[in-house]
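K.L.:
Keeping their order, the protein sequence lines are chains X and U. Heads up: the first sequence at position 37 corresponds to 37 in the UniProt record's numbering, and the numbers run straight through without jumps. Heads up: the second sequence at position 358 corresponds to 358 in the UniProt record's numbering, and the numbers run straight through without jumps.
These aren't lab readings, by the way, just hints derived from the structure by calculation. Not one of these hints is a red herring.
For each label pair, taking beta carbons as the anchor points, the in silico distance ranges come out as:
hint, chain 1, residue 1, chain 2, residue 2, range
1, X, L251, U, E161, 58 to 64 Å
2, U, K441, X, D227, 32 to 38 Å
3, X, D493, U, E161, 51 to 57 Å
4, X, E334, U, E249, 32 to 38 Å
5, X, E334, U, E418, 42 to 48 Å
6, X, P386, U, D222, 43 to 49 Å
7, X, L251, U, G295, 47 to 53 Å
Here are the simulated lysine-lysine pairs, BS3-like style, with alpha carbons at most 30 Å apart:
hint, chain 1, residue 1, chain 2, residue 2
8, X, K498, X, K328
9, X, K269, U, K287
10, U, K90, U, K349
11, X, K477, U, K441
12, X, K477, U, K293
Stretch-level coverage of chain X by chain U, calculated; a stretch enters the list once three of its residues show a Cβ under 8 Å from a Cβ in chain U:
hint, stretch
13, 306–314
14, 453–464
This one's a predicted model, so the numbers in the text were calculated from it and none came from an experiment. Cβ coordinates follow ideal geometry from the N, Cα and C atoms, glycine included.
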Amino acid sequence: MTSRREFLASTGLAAGALALASRRLEAAESGSPILTATTEPDPQVRVLLMEALNAAKLAGASWADVRVQRQRRQNLGTREQQVTNVLDTDTIGCGVRVLVDGTWGFSATRALTTDGVARAARQAVALARANRVARDREVRLAASPAHPNATWKSSYTVDPWSIPVEEKVQLLLQANAAAQRVRNVRFVNSSLQFVKEERSYANSEGSVISQDVVRSWVTMSITAISDDRRQVATRGPEVVQPAGRGWEYVLEADIVNNATVWAEQAREKLTARSVEVGRWDLILHPSQLFLTIHESIGHPTELDRAMGYEANYAGTSFIAPPDTVLGKLKLGPEHLTIRGDRSQPGALATIGYDDDGVQPDEFDIIKNGIFWDYQTTREQAEWLRPWYEKNNMPVRSHGCAYAQSWSDVSFQRMPNVSIVPDQRVDRSWNDLIAATDKGIAMIGRASYSIDQQRYNAQFGAQICYEVRGGKIVGQLKDVAYVMRTPEFWNSIDLIGGKSSYELGGTFNDGKGQPGQANAVSHGCPPCRFKDINVINTGVTL
Amino acid sequence: MSAHPFAREPKRLIAQREAARHGVLDEAVVLTRAECEDIIQRALRASKADACRVSVNSSYDTNVRFADNQMSTSGITDDASVSITSFVGKRSATVLTNDLTARGLETAVAQSEALARLAPEDPESLPELGPQRYVEIPAWFDSTAQLSADDRARAALTALEVSRRANDLQVAGFIECNASARAIGNSAGLFAFHRGTRANYTLTVRTADGTGSSWSGADENDWSKIDFRAMATRTIERARASREPRAVEPGRYTVIFEPQASADFLGAIRGTLGARAADEGRSAMAKPGGGTKLGERILDSRISLVSDPADAQILNAPFDNDGLPLQRETWVENGILKQLSYDRFWAQKQGVRPTGGGGGFGGGGGGFKMLGGDSSIDAMIRGTERGVLVTRLWYLRAVDQRTLVYTGLTRDGTFLIENGRISRSIKNFRFNDSPLLMLNKVDAIGPTVRTDGGVFPAIKARDFAFTSLSDAV
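Using the sequences provided together with the hints, build the complete structure.
P.N.:
Next up, the structure:
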């Protein structure tokens with residue numbers, strides 16, 4: 001174990017921290033943000049980070065990290081020509097994570113004083129100590145270089161908080177009006193959601209990292225009702241994919257013009273034909289396929305799931321145990337490669353440094369159709385040491401540690417998990433339709449469900465087009481495909497090219513106990529899957 | 001400006017810090033009624049809007065997680081936040097902050113007013129409620145609030161020690177305890193306060209060969225009501241019994257849902273009781289062609305569904321987000337739809353009494369309960385020639401809101417019943433079925449059990465639609 005002097009020296013920042021008396025960290029008179037994360041941490045925040053690390057060490061931690069995080073959210077909601085919701089939230093606090101004798105402890109507080117964060121640190125240590133009696137194996141962390149004074153900012157250009165609420169709401173109401181002008185459209189809901197995180201992180205190995213993250217999402221749900229009030233059809237609410245970008249992304253989505261298109265699709269769905277049960281070729285648009293990637297490849301390749309760490313909640317994985325599947329399990333044809341990253345500009349899981357202080361890398365999860373690697377944190381990378389050493393790969397975390405807020409402990413969360421477009425032919429959505437004799441082209445995510453080991457899944461879509469002889473001939477309804485994951489991915493025969501590649505994603509991927517939400521994107525081109533089992537979900541009450 | 005009392009640490013925090021220094025963890029740090037009142041009054045005094053509503057939430061959460069026969073993460077979080085809604089004419093906006101200092105409150109009040117002035121008018125805006133009377137709900141238990149980390153670690157050991165000794169088991173579990181206080185006040189003189197505790201324990205036991213899995217859960221306000229050892233024993237037995245499941249053809253089966261499975265599936269009915277969506281013709285409670293199903297028989301005559309914050313199996317806050325008092329509501333009585341859920345606006349528009357909800361359903365305070373019967377699960381099994389016993393369900397998603405058809409899967413113990421006894425463990429099924437259809441085909445109803453998804457009995461029902469097989473264990 002390091003001595004106190006070494007522990008403090010490794011942070012390189014301890015001297016000033018210990019001398020400071022307890023004092024409340026408060027916003028400036030102007031109401032300006034407490035944290036200014038694009039530069040190095042605010043000096044007051046740095047004091048708190050160091051105080052927490054020092055207190056953890058003094059209480060007996062062998063390793064510690066601390067996050068001071070300010071999280072702002074804005075939710076604006078409308079229906080038809082009314083505003084239903086204007087909500088701004090702004091919370092800040094500090095979470096301290098420690099290792100004591102190989103056992104984790106975590107404590108979080110909103111008390112941003114030197115006393116407050118030190119108390120949280122001591123509480124985390126006391127918790128780890130109490131839990132030591134029930135631990136079996138020691139936690140070990142894979143090595144990771146320190147990043148002193150690191151900063152990172154996500155790829156937004158216009159801060160959503162710089163735009164008045166009035167302007168934002170007017171945009172939604174204009175889009176609602178455009179949709180309402182389409183015949184049979186009776187109800188329209190729309191919303192804007194913005195997140196801004198100012199994350200400051202330090203650990204006992206000397207990393208001090210500040211990051212500035214913005215996420216934005218605009219949704220619309222358009223409901224058409226038939227003249228006899230017997231048919232109801234909805235397009236949305238995920239008509240636009242969320243992004244790790246700012247207000248500029250909302251404007252680019254052009255919801256006022258697109259609202260008419262989405263509304264017409266909802267109206268057309270009122271007279272859609274009920275699907276014929278059987279085997280169909282599926283052409284899945286990125287706005288639909290991203291969720292299938294997420295559920296059937298993203299989740300089962302989380303290493304904590306494979307090892308049973310999520311057994312009591314999210315479940316385990318069919319891609320396990322690791323030594324029986326790594327380099328062996330065939331999950332697609334040779335031209336299928338699925339990659340994990342936290343670096344695609346505008347993607348939701350993109351970040352400079354994860355909540356272990358690790359700079360994430362890009363890694364192949366499925367390489368040429370074969371399962372190759374799991375998503376990992378520093379704790380988990382050590383579990384794969386034999387596999388990495390055998391293949392001359394570094395024993396390092398892929399940078400997948402994440403906590404949804406200061407009040408939550410970090411654990412393994414999904415990076416962006418994306419299909420690499422076909423490098424040989426640049427096929428488009430229309431090319432895939434033209435190449436299909438009998439198929440269903442599916443757009444937008446709808447009902448989705450998958451078992452706890454990620455074998456059996458059932459997915460719907462917002463819009464399902466029947467394809468006959470290479471052409472769209474009309475909409476179908478009551479469509480869901482049921483799949484067994486390995487067979488499904490092995491049935492992929494056409495992968496679109498890079499010009500048709502799009503990102504899809506969500507703010508709300510749930511995992512863990514207590515539950516946490518992770519924002520994640522998945523990129524893919526449209527793809528075609530052969531002979532998939534399609535059921536009819538329609539019933540009459 | 002004088003220093004705000006919450007900028008200083010209360011004495012009890014200092015005492016707890018001393019305790020923590022010695023490895024003893026503290027009792028819950030939750031704002032008292034007087035502290036909440038003080039915060040609300042400070043915010044209301046700072047308000048320059050036509051009307052203002054202030055909500056305070058304070059919580060102390062502790063948890064222990066274990067998996068793979070090993071301690072995993074654990075944590076303690078204390079937080080408090082204040083939410084301020086300012087009304088300017090028919091315009092309004094809400095700002096939430098967890099900075100409870102004088103300056104933090106003033107900034108949030110000013111910001112909510114600024115946002116409200118920018119927001120368009122809401123034609124559905126109603127004046128704030130004046131003072132109301134509330135039932136006192138005894139939801140606070142010191143047995144939960146005063147737990148130490150050692151208590152929780154010892155509880156985790158009840159399962160961990162047995163499984164480590166056994167060699168054929170892998171356990172994962174989660175113990176979560178919470179103490180919280182909630183208050184609402186407004187410029188029309190309303191004040192509401194509620195505090196409560198909650199302890200939730202869930203345990204999964206898998207067999208080391210990867211072919212068996214079982215689960216059990218307990219959800220109580222009072223920690224001392226959870227029998228950790230008994231849960232470990234039962235879950236381990238069930239996990240071993242669930243090994244090597246065989247595939248049985250999907251199709252329509254008589255099912256016996258244990259209370260958690262009932263809650264997982266039937267809880268969906270709660271979301272379809274909103275009056276507005278029914279009146280607008282877009283929910284399962286709307287009649288095709290117009291009107292709602294109010295007054296009609298929609299379920300088996302033995303089915304009654306209620307909400308009641310004072311029910312001994314619920315014990316929730318007796319008010320919604322508007323501060324409207326919540327009382328016992330009978331949604332379905334003996335199969336007949338008696339009541340839909342009205343927020344204040346829709347109630348006024350339709351000329352009926354509001355049931356609470358502030359735009360959503362029930363405000364989260366009233367709970368949801370299906371009244372029970374007297375049939376035991378054993379008796380249900382004995383009376384079943386061929387059927388499926390379901391422990392719990394997983395990943396439920398609506399397929400069609402108008403019919404309430406949901407898809408999802410069975411999980412952690414699915415058994416075939418033949419000739420009045422459990423004959424074997426079977427593979428999990430995916431289903432596509434509606435709670436409204438299931439509750440029209442009921443054979444037997446058991447006593448109610450509180451789960452994390454409401455209070456429900458075990459239910460035996462006919463012709464449940466299992467549509468495909470899952471290989472997941």
